[in-house]
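Asks: Okay, here's what each chain looks like letter by letter:
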Amino acid sequence: MNEWLVFLLLFLAPVVSSIPIVLAYKSKEWTEKLPYLSVFGIFVSVVMSLYVFFVLPENQQYTYAWIPEFGINIVLITDYLSRYMGVITAVIAFFIAVYGLDYMKGDYRPSWYWFFFNLFTASMLVVVYSDNLFLLFVGWEGLGAASWGLIGHWFRDDDNITYVGKEGRKVGPLELSWPPSFGGWRAISTIRFGDVPMFLAVAAIWVLSPTLNISEIEWGTLFETIGAAGTIILFLCLLMGLFTKSAQVPFSEWLMTAMTGPTTVSALLHSATMVAAGAFVFIKLTWYIEPWTLHGVHGLEYIYLLVLFIGLLSGLYGALAGSGMLERKVLLAASTMSSIGLMFASAAASFWAGHLAVLVAFWYMAVHAFAKASLFLVSGHLIHATHSRFLSGGLEFGKKMMTPFIVTIVATTFLVGIPPLTAYWVKSAMDEVMEHLFHEVGFLPLILLVLTSVVYSGIMAKFLTLNFIKGEKPHHEHTEGGGLMKLGYALMVSVLFLLLYLIFTSEETHEFVAAGALVKHGTITLSFTVGILAFLAYIFALYKPQISALTKLGTFFSDRMYLPFVNDYIMPKIGFFVSHLVQDYGNRGIDGLFNTMVVPGLFGGISRGIRSIQTGYLSRYVNIVLGLVMFILIIAVVGAWL
Amino acid sequence: MELPMLIMVGALLILTLCSIFSFKYRDLGFYGAIVAIILASSSITLSAPHLIYYTAFVFAIGIINLASLKVIKSVIQGVDYGLVGLMVLVTLYIFTTQNLAMILAAFVLVSVPTYILVMVREGGANVEVGIKYITFMVLATVLFLIGAITLAYTKNAFNGLLYILGYVMLVLGLSIEVGVAPLHEWVPDVFTSADPIPMSIIASLAKIVPFIIALRILISTSNSLTVSITLFTAVLAAISMFTGNIGALTSKEHARILAYSTVANMGYVLACAVVIIKPEFFYFALTGALLMLFANAMGKIGFFNAIKGEGAFSPTMYLLAFSFIGLPPLMGFWGKLFILFSLVKAEYIWLVALMVLNSAISIPYYLRLARELGVGWKANLTNFICVAVVIITLITFLPDWFFRGMEVIAQALSIAI
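Top to bottom, those sequences are chains A and B. The working numbering puts the first residue of the first sequence at 180, with every later residue one more than the last. The working numbering puts the first residue of the second sequence at 4, with every later residue one more than the last.
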């Protein structure tokens, strides 16, 4: 098959297949049937991504002219990262879409939902396969637009089950409770805050480098031309985009309130698109920048140090915040932020630890994606079944909901790094990478990582036990049905076994297996010790998910350490301060310039002038034109003569 | 005589004969013009394959103009098709010759048919409009021709004063001909009082040739003085943009808005003429100018036909408005983008800033136009014409192929003098 057609189908099938439901938005009959077509569109993408994976040659670049005069083209690449990530994205989106057929039944605006859901998927696929930074940015903006649409999907704010935060919980002047419309706004405003500097960074690269293709830019030369300060500024601009989209501290708030969207959206947002996009782009850039070969470039080390610690801090912050959460989805959201932090940290560690660290970050992303998507889908089913977004459900409930129960056990244990389950091998390699930083950075990264891993393991166990074993009895139980939902997450979680198999068989990951060995040089390895610690934390939290003595600390954590104040209090205060400043001092000038005097006066004057010429009398026109012609000719002659 | 030339002559003959006999069989004029255009297009494509995209666009504009003439029953029906056909033939031919005399003849040939067309209306002749229009066209033609010949003279016997004089005369002639402010006085009056259908032809097809000729002459005769004198053109372009956009913004009548919009658009295209000081980037300017002229032609055809038909299908009106405003991926966007890019290369940054500012000023009135002219779908000729022009406006979704074509054309622009 022609590659051109493959890529066209890959990107456009989801979007095109969701157009009919948009057009039929008024007809209830059709909007009930057409979601199947939308899901089929994503299925086409799955098939195409598999075709790219199995049939197209690796590391091949495909260029299609877009605006070649300006060096802006549709450049796609089938490197290691995109081949895997493309399949991951498409498959996860497909499973979630199947689940969504059940989950979104009877919703009040299915057209809106399916269009943006499919646009979301397509945008991420563009980000994944694109080699050109400009094309990547197009997909990137698609993600932003679609996330706004989806997070604020239930825009009527009429059902408390869609809110985030406990009603009436007030801290100082703020009520820590957010409706969907506010959630959507928080997402788009945070992301735009980062996108603009990122766009400037892309523009700067466009000016400085002869090409915008990530794989072809001479990064070392580029950094040397702009010097240490230039490199740092360029990266800071770029990182603003990545950190805001991936919800790293201090930009994490939007992610927590993004849980106001439908659960399917949360699942997609957290596993394979959006937040993963930031980390993925960083991994991709690092893959081609190869910072471990650029130790001579000034300034680069500071940047990688910054990313390392922002990542680790976000990791710990997310895990701690999650430990205090009592809302199903918000707990998972906090844990996602933590995982994404570890991906950033690991990729940044490549500056000292080399290529392996990038590979670790990428594989952690893959494992996390499937595990976290499964957990989100389960929690969506639980919200339907119990009519509550808070953790609840005892063993009796768990027995009635056997499939989600088992899926949760598998997803959590496989994700937290308990030996010998899937994430353990990746985490082991991550431990080894952080250990490697001892000489250059010290022990702090390793300590932060181990702490994060232990707390993270605890919160996953907490999710399991408070939903299925030791939680309160739900007020409402509706345990029947939901076949497609079960199918969705069962399929999703089963991929974790496949990944385990891949880790053991694929060539690139044999170092992971080596890192996870029980004993090395006669002593028990660090990785194994951390694995055991994670296991103990899991068991402990399973047995005792809530410690009443620590309630105050837990509340502090569940208030997300008062970080909402940055978004909802400090930033608006700054905005108000500026607007007051403008109102008190600049307003008269601005008003005068734009609204009352200068510009309107100029417009009015010029417009009157223009119209006063048109009297309709030919003689007047001839006078004007001949006069002007003579005048200009005289000026020209005099000018030339002088 | 070579085969392509023979075909061209054949086309002219068919056009003339059909126009003559159309007094007896009215439809003959229409079919004759179409056959002539097809023949001429194939002749151009045979002799100069690199002109194929240009030819295709002109062909499309010509056919749509002819089709739109079907709406009115003029007293000279039959002959009017012949006149439009002649203009199309000349527009097709303009890139293929290197001969100054032929080029100047082409200028006159594309101008004179509009003298008659402008008077066309149902059941009579618009004499008052005709007089207004012809007065200025004659003045424009005289200035343009004297300017062109003076420039040609200085090419062989250099004289700074004469060069400046010739340059200014040529640009002034062009300005009056296409309606660049401050010499645009005839435009609002003629656009509002003439019939919309002939106006759609004058505002679309008739604008292409004068610009191409002016650019070709200016680029062939440029010398060390050009760098300083282009400032004159730039100032004229800037005045035209502001006059056009502010005039349109504060007008109510649809035809008057379109008149001022023409003034503004001609300002954008005229700005391309400053890029002759950077010949290595001139192909960007040429691409921009032609795309802008085509986008302007499409938009004017659509809007004028909508005025005549008392409204057209709403989405088509909005798409044409977006094209004028310059939203990607419509043709108007690419036109502006390439013009801006070439101006950046020519280091006319202030003109770039003014042009962007003017694009912003133009947004409200184009949207107003689209809202007021947009109605529901009806299967009539007006709507078919509007759909056709919208499709053409979307054809440069990926503009690269057109740009490549222009790159080749730009290499052979100069005239043998």
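If you are wondering where the hints come from, they were derived from the structure by calculation, not from laboratory data. Hints are not guaranteed to be accurate.
Not everything, but these chain A residues come out facing chain B in the computed CB check (under 10 Å) [unchecked claim]:
hint : residue
1    : Leu280
2    : Trp385
3    : Phe782
4    : Arg790
5    : Val816
A short list of chain A residues far from chain B (calculated; beta carbon distances all over 10 Å) [unchecked claim]:
hint : residue
6    : Val201
7    : Trp209
8    : Tyr230
9    : Ala244
10   : Glu248
11   : Phe249
12   : Met283
13   : Lys284
14   : Pro429
15   : Ile626
16   : Leu666
17   : Lys699
18   : Ile792
19   : Gln793
20   : Ala815
21   : Trp820
The C-beta atom is built at its ideal place from N, Cα and C for all residues, glycine as well.
Asks: Hints broken by the structure, by number, lowest first?
Replies: 1, 2, 9, 10, 11, 18, 19, 20 and 21
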